[in-house]
Amino acid sequence: MNGVQSPVVQQLREDILSLQGFTPPAPGSRVGLGPVEAAFPNGCFPRAAVHEFLSDTPEESAATSGFLAGLLGCLLPERGMCLWIGRNRQVFPPGLTAFGLTPDRILFIDLAREADLLWAIEEALKCEAISAVVGEVRELGMTESRRLQLAVERSRVTGLLHRRNPRARHALACASRWRISPLASLPEDGLPGVGFPRWQVDLLKVRNGLPGSWQLEWAEGHFQPLATAPRGRWLQTG
Amino acid sequence: MEKRFVSLWFPHLITDWVLLQKPVLKATPFVLASPRHGRMIVSATSAPAAAAGIETGMVVADARVLFPQLAVFPDREGRAGRLLTELAAWCIRFTPVVALDLPDGLLLDASGCAHLWKGELPYLHDLLLRLRQMGYHVRAGMADTIGTAWAVARFRSDDPVVPPGMMDEALGPLPSAALRLPPEVLERLDKLGFYRIESFLPIPASVLRRRFGEVLPRQLSLALGYREEPLKPVRPLEPYFERLPAPEPILTATGIEIALHHLLEALCTRLAREGKGLRKAFFRGYRLDHEIVQLEIGTSRASCHGEHLFRLFDISKLAPEPGIELFELEAPVVEDLLPAQEALWNLNGGKGMREIAELLDKLTGRAGANIVHRYLPAEHYWPERSVAATDSLEDVPGTPWPVERPRPVHLLARPETIQVTAPVPDYPPMLFRYRGEVHRVSKADGPERIEQEWWLEQSAHRDYYVVEDERGARYWIFRLGHYDGPHSEWFLHGFFA
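Chains as they are written, first to last, in my numbering: chain X, 1 to 238; chain V, 239 to 735.
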């Protein structure tokens with residue numbers, strides 16, 4: 001990556017990135033993830049891509065839902081709409097307001113059959129009128145994830161797959177793989193009680209980017225990196 | 239096709255209805271009365287009261303003279319119209335065209351309907367039997383004209399059916415009041431000795447007009463069918479319906495698709511012209527073996543988008559063997575298209591709403607109707623009741639989403655019992671055991687007491703705590719009832735992010 005590059009190669013590299021859903025950052029297109037966004041190519045969270053979130057325990061899964069809600073709050077335009085597709089939903093709409101997301105802008109699709117899940121997510125990702133789709137799906141193969149990725153490349157919808165307690169963790173055609181786990185909060189000035197939600201955000205895989213780990217806090221309506229947190233393990237890939 | 243009309247007469251319409259509400263009155267004669275010029279005038283009589291000689295239009299005091307134990311109830315304006323409208327809607331099962339005949343009757347256009355009951359007598363018999371089973375006194379007449387049917391229903395008690403073209407013979411022996419004449423004309427007829435219709439039937443219309451004015455010859459020609467009488471049906475008949483006969487039986491999926499395309503195009507053109515969209519549609523195929531196969535679709539929002547509607551039909555579910563000879567497309571539920579509503583979501587310049595509605599139709603079409611949920615805040619503190627599901631994509635919250643109290647991101651459908659160690663009353667527990675795992679509480683907020691809404695349900699209050707364990711996971715737990723109460727129990731209800 002650091003070698004001598006001709007302008008042609010540079011141009012081609014940018015073209016490939018844009019074909020894969022990584023658009024160069026337009027002004028005001030930040031999703032408010034702070035330092036985490038720097039891990040992505042062009043330093044910009046790819047919107048027209050499918051992102052995968054892993055969680056193993058109910059606590060991690062709740063943390064992931066909270067993180068997704070914060071992300072959606074930034075992703076959704078003024079009057080945008082998003083779909084939350086899953087089975088046996090536990091998400092409690094009033095709990096999302098704390099993350100800057102108005103719950104009446106979400107359409108919850110509660111399916112009864114596992115077999116309909118991926119089909120419904122794919123159909124939703126094809127719909128250009130929607131801003132983002134959260135899919136709570138447990139198992140997912142390479143082929144299916146490729147189909148989802150192709151769908152979003154055409155429709156420019158953001159796909160967020162929340163894989164709760166997955167058995168297999170093989171590679172998928174998703175743009176990134178995350179793991180969000182809860183961190184102990186720190187109340188302000190030693191006051192009693194529970195502080196703002198804090199998470200250990202592990203970006204396990206990023207296509208064409210740099211995985212890493214961060215500690216984020218949700219305070220005053222946006223993500224804030226913890227000042228004391230280590231910079232994370234920086235890996236050179238791509 | 240020759241016209242056939244049925245006139246229904248409810249002689250005790252309102253009192254029958256009162257009897258349905260209060261069956262105790264069955265044996266007692268009673269009347270309904272309303273004040274007019276400072277006197278109570280009888281406006282409806284029950285069958286026993288009528289038998290005692292009490293008529294509508296009498297003063298209540300006079301009626302009491304005839305029958306001292308008479309019960310009198312106040313009457314209300316417009317009740318007959320409402321009752322008749324209900325009965326008319328019910329009668330639509332006998333014919334699609336039903337009209338009100340105020341103050342005490344209904345008119346049915348039964349043309350071409352009676353053969354389904356294998357004849358006019360069984361048709362009338364079934365109609366009257368069902369109405370009488372409902373508790374109404376009812377009489378009927380059936381004839382080629384509304385006037386004759388009306389007359390026969392009220393003035394002939396033996397045979398309700400007048401055969402086609404026999405109006406003169408049927409009307410002849412009936413009194414002149416059977417022609418729906420105003421009282422002054424009736425009075426003059428009586429004075430001249432014209433008690434029955436047959437006595438002035440042969441007189442030329444010009445002579446009658448000179449003597450009795452325009453109304454008598456007009457009513458006569460209406461009853462005899464020389465003049466058309468308009469009928470104003472309670473439900474205007476204009477079905478959204480298309481049909482396509484096939485020149486030869488259709489068996490292939492391609493053929494069915496072409497037929498459906500044709501029908502949808504015709505229907506959607508009409509819907510678009512009238513600014514309407516369908517919410518429900520039936521696609522029927524009439525097979526050679528006299529079976530009818532049918533597909534049904536529903537949409538989440540009124541739509542007249544042919545391509546989208548076409549995709550909702552699953553043609554493979556239609557069994558065409560041994561061949562379909564006639565296709566029908568019917569839209570029984572149609573709503574106005576509301577372009578103004580697009581503005582609320584403003585997605586992709588207005589066409590986004592349609593796309594979302596079409597996506598939802600596709601999803602519900604395959605995975606079941608009740609999978610889409612959208613929530614608005616409800617004004618309840620009890621967590622399970624704090625959101626209300628809405629069917630509409632357009633509703634906006636009536637009240638803002640509450641933010642002042644912490645609410646978990648995940649809520650368990652049923653709170654799960656936990657074992658706790660809580661040494662001090664009204665303090666959060668020191669540790670709790672959930673699914674066999676011990677969590678030591680390091681930080682906690684609370685309690686937030688939420689009382690059960692006693693007018694909805696009876697149970698103890700809940701004291702909610704937000705607790706964080708040593709590993710940083712945050713939970714929403716509550717104690718049911720008081721600390722030292724008899725049923726004090728602890729539950730885990732949700733997870734915070």
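Rather than coming from a laboratory, the hints here were simulated on the basis of the structure. All residues carry an ideal CB built from backbone N, CA and C; glycine is no exception. Keep in mind that the hints are not guaranteed to be accurate.
[What the hints assert, rightly or not] Okay, the calculated beta carbon distance ranges per label pair:
hint, chain 1, residue 1, chain 2, residue 2, range
1, X, Ala115, V, Ala627, 37 to 45 Å
2, V, Gln657, X, Met142, 40 to 48 Å
3, V, Pro724, X, Ala38, 57 to 65 Å
4, X, Gly193, V, Ser554, 55 to 63 Å
5, V, Gln690, X, Arg156, 41 to 49 Å
6, V, Leu694, X, Ala38, 50 to 58 Å
7, X, Glu14, V, Gln657, 53 to 61 Å
8, X, Arg156, V, Met668, 49 to 57 Å
9, V, Lys555, X, Arg156, 31 to 39 Å
10, X, Ala115, V, Glu559, 26 to 34 Å
11, V, Ser349, X, Arg156, 57 to 65 Å
12, V, Met668, X, Thr57, 15 to 23 Å
13, X, Ala184, V, Glu632, 40 to 48 Å
14, X, Arg156, V, Ala607, 46 to 54 Å
We went through each hint and held it up to the structure:
1. X/Ala115 <-> V/Ala627: 37 to 45 Å: violated (25 Å)
2. V/Gln657 <-> X/Met142: 40 to 48 Å: This hint holds: roughly 44 Å between Cβ atoms.
3. V/Pro724 <-> X/Ala38: 57 to 65 Å: Because 58 Å falls inside the window, the suggested range holds.
4. X/Gly193 <-> V/Ser554: 55 to 63 Å: holds (60 Å)
5. V/Gln690 <-> X/Arg156: 41 to 49 Å: Holds - the Cβ-Cβ distance for V/Gln690 and X/Arg156, about 48 Å, lies within 41 to 49 Å.
6. V/Leu694 <-> X/Ala38: 50 to 58 Å: Holds, since V/Leu694 and X/Ala38 (Cβ atoms, about 52 Å apart) stay within the stated range.
7. X/Glu14 <-> V/Gln657: 53 to 61 Å: holds (59 Å)
8. X/Arg156 <-> V/Met668: 49 to 57 Å: Since X/Arg156 and V/Met668 have Cβ atoms about 51 Å apart, the given range 49 to 57 Å holds.
9. V/Lys555 <-> X/Arg156: 31 to 39 Å: holds (34 Å)
10. X/Ala115 <-> V/Glu559: 26 to 34 Å: Given about 29 Å between the Cβ atoms, the range holds.
11. V/Ser349 <-> X/Arg156: 57 to 65 Å: Taking Cβ atoms as reference, V/Ser349 and X/Arg156 lie about 59 Å apart, which means the hint holds.
12. V/Met668 <-> X/Thr57: 15 to 23 Å: holds (22 Å)
13. X/Ala184 <-> V/Glu632: 40 to 48 Å: Holds, since X/Ala184 and V/Glu632 (Cβ atoms, about 43 Å apart) stay within the stated range.
14. X/Arg156 <-> V/Ala607: 46 to 54 Å: violated (30 Å)
Figure legend: structure checked against the earlier numbered hints; hints not met, in rising order: 1 and 14.
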